[in-house]
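Novice: Using the sequences and the hints given, assemble the complete structure.
Protein chains in written order, with my numbering: chain A, 3 to 274; chain B, 3 to 274.
Just to be clear, a hint being listed does not mean it is correct.
What the hints assert, rightly or not - Straight line, CA to CA, 30 Å or less: simulated DSS-like cross-link-like pairs of lysine-lysine: (1) A/K198 with A/K107; (2) B/K198 with B/K49; (3) A/K193 with A/K107; (4) A/K140 with A/K107; (5) B/K193 with A/K144; (6) A/K49 with B/K49; (7) B/K193 with B/K49; (8) A/K193 with B/K144; (9) B/K107 with B/K140.
What the hints assert, rightly or not - Listed next, the stretches of chain A that the computed footprint assigns to chain B, with coverage defined by at least 3 CB atoms under 8 Å from CB atoms of chain B: (10) 20-28; (11) 45-51; (12) 148-158; (13) 164-173.
Said to hold, decoys possible - Partial chain A-side listing against chain B, Cβ under 10 Å, derived: (14) T39; (15) A40; (16) R41; (17) V42; (18) E120; (19) A145; (20) C259; (21) L263.
Keep in mind the hints are simulated off the structure, nothing from the lab.
Fair warning: this is a prediction, and the values are worked out from it, not measured in the lab.
Where a beta carbon is used, it is the ideal one built from N, C-alpha and C, also for glycine.
2 protein chains.
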Amino acid sequence: MSDGPIAVFDSGVGGLTVVRALLAAIPGERIVYFGDTARVPYGTRSKETIRRYALEDARFLLRFEPKLIVAACNTVSSTALDYLEENVDVPVVGVIEAGAMAAAKASETGRIGIIGTEATVDSRAYERAIQRIRPDAKVIAKACPLFVPMVEEGRVEGDVAELVAREYLGGLAPIGVDTLVLGCTHYPVLKGVIRKVTGDAVGIVDSADETANAVKRLLEEEGIAAGEGRGGIEFFASDNPGRFRHLAVLFLGATTCSVTLVEPEDFFGGGA
Amino acid sequence: MSDGPIAVFDSGVGGLTVVRALLAAIPGERIVYFGDTARVPYGTRSKETIRRYALEDARFLLRFEPKLIVAACNTVSSTALDYLEENVDVPVVGVIEAGAMAAAKASETGRIGIIGTEATVDSRAYERAIQRIRPDAKVIAKACPLFVPMVEEGRVEGDVAELVAREYLGGLAPIGVDTLVLGCTHYPVLKGVIRKVTGDAVGIVDSADETANAVKRLLEEEGIAAGEGRGGIEFFASDNPGRFRHLAVLFLGATTCSVTLVEPEDFFGGGA
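Specialist: This is the structure in structure tokens:
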């Protein structure tokens with residue numbers, strides 16, 4: 003019952019911040035990660051396309067007989083989580099709910115800022131999740147389309163990163179937020195520059211950390227946590243494993259990792 | 003013989019700068035444009051994936067019985083043009099050759115800078131094409147990964163655009179180029195800010211304009227130019243036609259355009 007791995011997927015490498023948090027929170031678990039680098043990014047695609055891609059990704063991971071699947075992608079979590087839950091037989095954990103819960107609890111003023119991709123912001127998923135818990139909350143969301151390419155270029159500090167961060171986060175100023183949710187799995191890599199711009203008065207909620215904690219709680223509640231010392235991780239990517247490896251080192255803070263290329267015919271168009 | 007349209011494709015909206023140049027150079031021709039917005043960007047994908055996507059795009063366009071196909075994408079032109087030529091029965095025109103030719107002719111010092119996506123730069127296609135024409139040329143190439151997302155965000159001027167441009171173009175300074183090739187179809191939209199950074203002493207070669215001129219010459223040489231006044235244009239996109247329409251207005255300088263969504267099953271996995 004507790005033998006299966008934790009399966010994690012993302013449109014690309016962003017979900018690795020969730021993997022990093024999982025490795026810290028539940029080091030005894032096996033992890034299988036799939037990054038759909040052949041079709042990244044999802045954040046500018048239509049809802050229908052995001053749903054189709056997400057289900058194909060989840061189906062690829064089902065072959066590892068996981069005990070649960072983490073959709074480590076805010077875009078998928080905000081637009082396709084219910085669709086995945088309907089079509090997949092194991093529990094699916096997204097990254098929105100845990101982050102929204104943490105923000106709703108942490109905020110004193112109830113004024114909460116969300117930053118994410120266009121699709122995540124357009125979905126209003128964080129607003130809905132936060133206001134379910136705390137109906138008085140005032141939530142403002144801002145899309146930051148340059149953040150993902152900046153991270154993937156390794157541009158996580160310096161003049162450009164700071165100027166871009168200052169401009170995007172300036173969009174949250176009108177309501178004076180006291181809590182900021184990093185609503186995209188790439189953004190924790192930019193935490194340093196974001197912190198520099200917001201100053202210490204704003205609390206930063208990292209969805210990756212919150213999601214890892216939620217997974218840990220779920221495993222304990224369901225009694226399906228793995229025993230000690232049986233961890234391990236496998237990486238799969240649908241394109242360009244060399245680029246994935248390069249970025250994985252940046253995201254995981256590891257020195258190296260091994261990645262298996264998944265040929266598209268192995269999972270695209272797998273039928274309904 | 004001269005009845006078919008000019009078929010143009012790109013990974014997304016970038017090829018619209020080529021369409022704009024074609025509309026100016028050969029206004030009498032019908033144009034069919036396909037933007038593969040479901041799988042954009044191509045610039046960070048592997049060579050094998052780029053070839054497969056390009057052939058699927060070209061096959062979709064063949065149903066319109068075009069007299070020629072323009073691969074209006076530097077990434078495709080640099081990594082998949084020979085592959086397309088082997089697998090498609092109509093002439094295929096890329097965007098590299100014409101730009102390289104124009105740069106080789108325009109440069110006085112033979113010191114030429116190329117800017118493009120990671121895939122275009124890694125392919126060294128511009129260097130090879132320029133040095134075939136002008137073996138003494140010294141070519142330096144620089145990937146500018148933030149330029150495409152900047153354009154798609156509409157961020158084509160202002161502090162961030164200028165700072166990013168200054169940083170990337172600074173990478174060309176060591177050899178003191180007198181000619182700069184915009185080796186990505188998105189980049190003509192940034193011509194203003196690029197010009198501001200380079201100053202007037204550097205000649206800017208716009209691959210889109212050069213490609214349109216090359217198509218015009220080819221039609222005349224082959225005697226397959228259309229008659230007068232029969233122009234017109236149709237747009238197809240594989241995802242998110244609303245976003246395509248929004249960006250098309252920016253790229254074409256038009257006030258509106260109509261876009262048809264192509265369902266993925268209509269052209270993905272069409273067999274060998």
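Novice: May I ask which of the numbered hints given earlier this structure violates, with the numbers listed in increasing order?
Specialist: 2, 10 and 20
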